[in-house]
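Just need the whole structure built from these sequences, with the hints factored in.
Chains as they are written, first to last, in UniProt numbering: chain S, 1 to 387; chain X, 1 to 310.
Don't read these hints as lab results, they were simulated from the structure. Please note that the accuracy of each hint is not assured.
Stated by the list, open to error - Label pairs and their in silico Cβ distance ranges:
1. X:V304 - S:T357: 20 to 30 Å
2. X:F56 - S:A87: 24 to 34 Å
3. S:P86 - X:F56: 26 to 36 Å
4. S:R311 - X:Q309: 38 to 48 Å
To be verified - Looking from chain X toward chain S, a few residues come up when the C-beta cut is under 10 Å (computed):
5. L32
6. A34
7. T52
8. T62
9. P69
10. R72
11. A168
12. G172
13. R273
In this text, a Cβ means the ideal position worked out from N, Cα and C, and glycines have one as well.
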Amino acid sequence: MDLTRLAARRTAVLAVEVPGWSRTRCALEQDVRARGWRLAGSPADADLLVVCGRPGARLTAAVDHVWSQLPGPRARAEVTTADDVPAVLDGAAAELADGAAQRRDAAGRPADPEPGTTAAGDDGMGDMDMDGDSGHSGDMDMDDDPGDADGDHASGDGDMDMDDDSGEGGGDDSGDGDMDMDMDMPMPAGIGLAGAGGDDQLPDPDGLDMDVLHVPLGPVLPHWPAGLLLHTTLQGDLVVAARAEVLLPADDAPPDPPVHGTPAGRWDAVATLLVLAGWDDAAVRAARVRDGLLAGGQPPEAERLTRRITRSRLLRWSLRGLGRLPEGDAHDRLRHWLTGTGQRRSTELSAVAELVTGLDLATARLVVASLDLDTADRVTVPVGAGS
Amino acid sequence: MTVTEVSVGWVPVAAALLLLVAAAAASLDGALAARSAGQPLGGGLLAPVAETARLFGQRRRTTVAADLPLQRIGGAGLLTAALLMIAVVPFGRWTVADLTVGVVWFNAMDVLVWAAVWLAGWGPNSAHALVGGYRCLAQALSYELPLMFALTAPAVAAGSLRLGDVVAAQSGLWFVVWMPVAFAVFCVAVAGFSVWGPLSAPTGATTAGGVLVEASGVDRWLLSTGRYALLTAGAAFGATAFLGGGHGPLLPAWLWLLVKTAGLLAALVALRRVLPVIRPEQFAAPAWLVALPLVLLQVLVVSVVVVVQA
Chain S
1 MDLTRLAARR TAVLAVEVPG WSRTRCALEQ DVRARGWRLA GSPADADLLV
51 VCGRPGARLT AAVDHVWSQL PGPRARAEVT TADDVPAVLD GAAAELADGA
101 AQRRDAAGRP ADPEPGTTAA GDDGMGDMDM DGDSGHSGDM DMDDDPGDAD
151 GDHASGDGDM DMDDDSGEGG GDDSGDGDMD MDMDMPMPAG IGLAGAGGDD
201 QLPDPDGLDM DVLHVPLGPV LPHWPAGLLL HTTLQGDLVV AARAEVLLPA
251 DDAPPDPPVH GTPAGRWDAV ATLLVLAGWD DAAVRAARVR DGLLAGGQPP
301 EAERLTRRIT RSRLLRWSLR GLGRLPEGDA HDRLRHWLTG TGQRRSTELS
351 AVAELVTGLD LATARLVVAS LDLDTADRVT VPVGAGS
Chain X
1 MTVTEVSVGW VPVAAALLLL VAAAAASLDG ALAARSAGQP LGGGLLAPVA
51 ETARLFGQRR RTTVAADLPL QRIGGAGLLT AALLMIAVVP FGRWTVADLT
101 VGVVWFNAMD VLVWAAVWLA GWGPNSAHAL VGGYRCLAQA LSYELPLMFA
151 LTAPAVAAGS LRLGDVVAAQ SGLWFVVWMP VAFAVFCVAV AGFSVWGPLS
201 APTGATTAGG VLVEASGVDR WLLSTGRYAL LTAGAAFGAT AFLGGGHGPL
251 LPAWLWLLVK TAGLLAALVA LRRVLPVIRP EQFAAPAWLV ALPLVLLQVL
301 VVSVVVVVQA
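Here it is in structure tokens:
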């Protein structure tokens, strides 16, 4: 067996879900599993980029940016219905195995990492962002905000971008001053060194001035609500401020029949939360139950899995008290999904931002997953909703 | 049973053996994963080979303003630490380095992992990788001190820090029988410095892969292989220090060590299937308030037994 064929057995797929196409994404995950492939955790880990649904302009820009981050050999595909998934994956796999095409692709790419798209923002200063880290400078593009398309910047340059202060808590003016100072210093790759964040800086309980970073979470992030873009301000790994919005699908796109609110949707939420809780084994079994339900069956293992998950003390200990809402915490919601009890209530985007503020990045991810947001429900919400 | 130091020429053999056992562990993990996914086990068993083929064919990827030297040191650090760990573990009657301070050497190498994981997180200049690095240090603070005291117990019982002496002291009774707490703490710590299972938060999905998030190609291979190698080295050390090393009936000593290592390694690999990840900030309280006093008590018991016997 030659190496390419051998390598193809472990093809890693980065799935991008557009709001409204969760059924296609579920079908993709099922097919990926059936082929013995796996889902990628980040662009660096991925061989294939598969977009489920028809993204709108900003989401498309984000996906393009992520595409530039795949190391290669790489292939890209878009799929809009669950039925098309096998054919699309076959095509993508063939493209991946085409050595000549891959060499052409590799030859046409710059040797050095590309700077983030936000660097070309309308004030032309994005690159000088003093936070000097991550998303906006193009090294973590799955989080990157393609926002310059409509003048809405990535939060990455929020504290120096004078014409966009929405939701950034007024840290802008001081950012300007810091930037001028930084410009006199040597800056690696044109990025200012991380430092005190001016007015963004919150007093630290330990008296340490932690670096202030503006890190956009989403819209392309595995195990994350489709299209959700959460602008976060991090101090160390602590979210000190957040603002949520949803990037829209293409206007004319007819989406899938909804999965949210169905038993399959509940198991999808269970699978997502369990992956993030680091319990891969139970997560993949939950995804299999979900796929069984979507296929119209009544998976017999659902009951056993429910018992196993609800009995796990370690899981209860790690989810207890997270994302507390009037009707319970993350573990209560997990139990409700498993038993099918409890009403679905929709969480406002502003509430999401409020819930994650004050948590560390990883806990924030667990809380967001525990809310089971239906971003497809929200496609009419104006961009920038929440505060 | 005496342990003799072999010539330097055997070092590559020892390294190959470590990688081979580590690959077997990865195969086992692949097979277990395939079973939960409802897929044929064959594909899972081949997973380490296929993943190696995939990663060796993948382009190496850099990030904007990455600290490349430090990133590379961190990436290679895990595998290096694992190789240095097994250098002191006697393979039956042979050992690569018969250090008089073997136990301390092992401990020093596992502290080296702190630096390696942190640098792998720091290097790429990426928020998620950096947070992965933070989380590694946070949980290391919890497991390291209990681990140090857990390593003290066999050394006190054997009256020596040399691993050959530790094995010889177990000719009658394995240490695990009367040091169960130290052994349990040691196993948890092995998962910790291998960034594995319940203690894999630094590479967890909550941080999109943490220290692994920006790694591709050979860099990712080194980190993943390093984790399995550390798990293997930890299991080999555990088999030596707590499970009687090469002691056992009928079979030659080296085969006994291999069997015991494989058993412990399989248990550690399976741990990942059974347990979710522990959040590092929650781990500190039980580690310092429960595990540390218990393991100190264990050392006290061992010391009293040694004094009474003398």
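Numbers of the earlier hints that this structure fails to satisfy, in rising order: 1, 9, 10, 11 and 12
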